[in-house]
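Visitor: Spelled out from the first residue to the last, the chains are:
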Amino acid sequence: MSAKVAFTIDGKTVQGEQGQTILQAAALASIYIPHLCAMKGLSPWGSCRVCTVLVNGRPQAACTTPVAEGAVVENDTAELKDLRSSLVEMLFVEGNHYCMFCEKSGNCELQAMAYRLGILAMRHPYMFPVRTLDASHPDVMVELNRCILCARCIRASQELDGKHVFDFVGRGSHRHIGVNAATGAGGTNLKVTDKAAEACPVGSIVKKRVGFAVPIGQRLYDSKPIGSAIESGRAAKG
Amino acid sequence: MANKPKLATVSLAGCFGCHMSVLDIDDRILELIELVEFDRSPINDIKEIKGRCAVGIVEGGCCNEENVHVLKHFREHCDVLISTGDCATMGGIPALRNTIPLQECLEEAYLKGPTVYNPRGKLPNDPEIPLLLDKVYPCHEVVKMDYHLPGCPPSADTLWQALVALLTGKPIALPYELIKYD
Amino acid sequence: MTDNASVSRQICGNFANDKGRLMDILLGVQAQAGCVAPEALDEIAKSLSMSRVEVESAATFYAFFSGAPRGRFVIRLCNDIIDQLHGMDRIVAAFRAELGIEFGQTTPDGLFSLEYTPCIGMSDQAPALLINSTVVTKVSTDMVHEIVQTLRVSKNLEQLKLTLGDGNNSHPLVRSMVNNNLRERGAVVFAPYTPGVALQRALSEQPVELIRIVKASRLRGRGGAGFPTGMKWEFTRAAAGERKFIVCNADEGEPGTFKDRVILTEAPGLMFEGMTIAGYAIGASEGIVYLRGEYAYLLPYLEDVLAKRRAAGLLGRDILGKSGFKFDIRIQLGAGAYVCGEETALLSSCEGKAGNPKTRPPFPAQKGYLDMPTVINNVETHCAAARIVENGPTWFTSMGTKSSSGTKVFSVSGDCSRPGVYEIPFGITVEELLTHVGASDTIAVQVGGASGRMIGPSEFNRPFCFDHLATGGSVMVFGKGRDLLAISHAFMDFFVEESCGYCTPCRAGTRLLQERLGRFLTGQAESADLDYLEKTGKTVKTASRCGLGQTAANPILGTLQSFRPEYERRIKTNGSVFLPSFDPRKAVAVASSIAGRESEQFGTQKGGVKQ
Ligand SMILES: Cc1cc2nc3c(=O)[nH]c(=O)nc-3n(C[C@H](O)[C@H](O)[C@H](O)COP(=O)(O)O)c2cc1C
Ligand code: SF4
Ligand code: SF4
Ligand code: SF4
Ligand code: FES
Ligand code: FES
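Here the protein sequences line up with chains G, S and Y, keeping their order.
Here the first sequence stands for residues 4 to 241, where the numbers follow the numbering used here.
Here the second sequence stands for residues 3 to 184, where the numbers follow the numbering used here.
Here the third sequence stands for residues 37 to 647, where the numbers follow the numbering used here.
If we strip away everything but chain G, and leave its shape as in the complex, we get (with noise of 0.2 Å):
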């Protein structure tokens, strides 16, 4: 049993543990924090910025902040929807997103946050960065264009797979996902089972022959917004 630590998030008193982050004892008092890059059983990674909050007026990363005792953590601002609306914009133009014909719509985690944030057109232009396919894979297949360089499924490879199917390769602007082989995903250990095969919050590895199999109106965020399940405390008990 570690440590109570107390603090407040928007005036409301958070008990967490020592050892918690914000984003994790926020989820447990059914409060959300949006974040992408951070999942749960996954160590944290803090890459996506989307959970900036203010800890005594300091902007961090909720996801990767320990709990302190006595913390004043402002998050729902009009400030901070701001902030972390172009942050999304920036994922969406600096890849390519085209969810009309994408698996993953409806159950995607970023287009969703950009529904919650209610996001109708980018003001960032869009880059249109060349990017790869790989369909090497019988059963997985690597779709970069819509990468939002998460890392997601390389902690989920080596965390919870004991793996070291992906990484990241190159820096900057040219950093992407590269796999554990030179002749791609197909060539590597990867296994459809494996965790690191559904780790990605959007759809750039997704795998075949399984897509589009929920009516449009039944996804998961069809109807409620990415965040629901934390703010109805059913992630906390869940």
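What the hints contain is simulated information worked out from the structure, not anything from laboratory work.
Calculated cross-link-like contacts (lysine-lysine; reagent style DSSO-like; alpha-carbon spacing at most 27 Å): (1) LYS84/G x LYS172/S; (2) LYS194/G x LYS82/Y; (3) LYS403/Y x LYS166/G; (4) LYS608/Y x LYS74/S; (5) LYS622/Y x LYS74/S; (6) LYS84/G x LYS577/Y; (7) LYS146/S x LYS574/Y; (8) LYS622/Y x LYS146/S; (9) LYS82/Y x LYS166/G; (10) LYS124/S x LYS622/Y; (11) LYS389/Y x LYS198/G; (12) LYS166/G x LYS55/Y; (13) LYS622/Y x LYS608/Y; (14) LYS84/G x LYS146/S; (15) LYS84/G x LYS574/Y; (16) LYS389/Y x LYS166/G.
Place chains S and Y with the ligands on chain G using the hints.
Guide: Same frame as chain G, but now just chains S and Y with the ligands:
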């Protein structure tokens, strides 16, 4: 009747899906006709906007010089311009060519593609054919757009709610279920 | 390159197949095989029992590694702003003409490759370039011809060295054409040095007393952030760990900074001594100097200084007869990545990985190199610490200002007659420094490099110190006629190139800012763009994960604040329906040239086709 605001619509580099969605508002179209008068639109085949329009609905992005010309015409004649659908807001399916240099695109489409039958071996180049742009542009990267309704196409409900709000002087505030990119 | 695999296997063996030494292994393979080819990745992975993609991750992070063979002589021309202002374009043209290739290409005979590189720490002698690890400065178009001819004929870089630089630059182990341009020596870093005196003093004290002394001196880090050095040592001493480390940050990548190069050339002993003292103070027995790859030419000399110190009992076991105190230092070479100056990225790189910054907390004082408590200090900080121990804290606080004691070593470049290195007590004003360096008609000074701030004449009365104008040492002077927005744009190019790409705001945001600022330079800006720059700049600053991204918007946010009219006068207001950023003639230009006819609607653009 004479004082009804005018509405113009156009399909640029789009597939007319958004226009189908306008028609999809079903019998509410009768209510819409109560609210507005249609100016230039594929629905009535008028080519030039004649008067001043309150609202212009633009489907499709800009893939060629003709699109750019028409979008400019709309901007000049409409008080409020709405980017309607994913093609208008982000380029949509036509923008898939944006990662490929134009020359290569044309060669693939008319000379080298596996299903091409082109005995003359030349790119089509009739003076009537508008020149393509270097890439497909979302409308708001060409002229100022006032509102955006994403979706491929945006649902009839989305269009209906947005139009009614605009025409009755209310802000467009779409509920969660109506913001969709697919 | 069929021997890429065998070379790799052999080099891995030289490092006992230790994956922690991957940087050195990659450096070795690149040097011997001319590239790190796909077969090398396989072979290294096998030898080190790593995943191939993990090796690839490191190999593709650094600018100095290439996947395919490059020329025998890789010419890297610095394209930073100072070089641009000193006629870089003419050098570029001369190389293209001389070699018949573009930058980014290799000559068909495999002899030369042309590349650009950001600041190589020679801004006081621009234009500057690297050929493999040989530095050539004050390059002229005539020299370009000579360089190429000489290398074509002799294939020997030594043949280029007709005159050697001043000071230790002509030491037999350095043999470099670089000049120190050390214009003013102060009492701390560049005062006469006798090896072992400070260390002897230190070893006569208890470690905690040393920490007290350094705290009392109010020494703050010289690398830019200005963290109190004594406190850093105290935290690291207090942290639990089987091993502790002292790291010296000699990555010096901030554009316009080159003072650490001169310290490394003229006072490396003092720096090593400072590290040894720090090791004694915090209970560490291992030190690492992270030396930027651009300064590889100093490596043999530095290794020799280390060897001499070992021989003299200043490193190794029972140092200066103090039984039980052991300390030794290794030098880790970098491979072309500015972000590796960020202390946690530096640690990643030392561990043999891609230079990604680490998540903080934990801070290096708790978990640093190999997750052990680690002190990281700048080259100059280590030197100052040694002197403080030697001469006492009061001596140190008698120099400088209250908040900023001691001296600061400045790197001055740009429009002035005496660019170079100046060691001056803190508190000197910009105006005074400008007089020292022979600058006149100065319209702006960039303080602290690309990540710092551009100030105008109204702020020239402010002093350099941590409370006012803080700087890691870079001072770039811009005289009359310089385009300040073009300069800021060059800084944005730098950040785009150097972002590690880990986090969204820095990876994508810097590109967006660079593009938007570019609109002001090409007459495509509208007034809404001011707001865009302000807001997006703030997002990048607020949300970025490390110091690089957090300061990357400074060239824009700073100039928006101090030089707003520069922006406003370039806003386009011609009442066109098109956005100023959309040029229809440009958009149809490619199709127009393919079709061989003019646009019906918009005519064609004069001056050719651009895609
Ligand atoms: C992108 C970036 C680059 C940096 N480069 C350097 C550098 O080249 N040298 C340096 O001493 N500090 C550099 N720093 C600062 C270091 O992170 C760190 O604060 C410093 O080495 C600590 O030493 P000090 O306290 O002695 O200054 C850099 C920081 C950032 C964010
Ligand atoms: S990954 Fe998500 S945002 Fe991207 S195209 Fe697919 S559904 Fe849309
Ligand atoms: S492939 Fe998916 S999980 Fe992996 S980094 Fe990209 S977006 Fe994240
Ligand atoms: S701010 Fe982010 S992307 Fe930029 S260098 Fe730091 S971690 Fe890398
Ligand atoms: S969720 Fe915290 S940075 Fe991505
Ligand atoms: S060496 Fe070119 S700017 Fe520093």
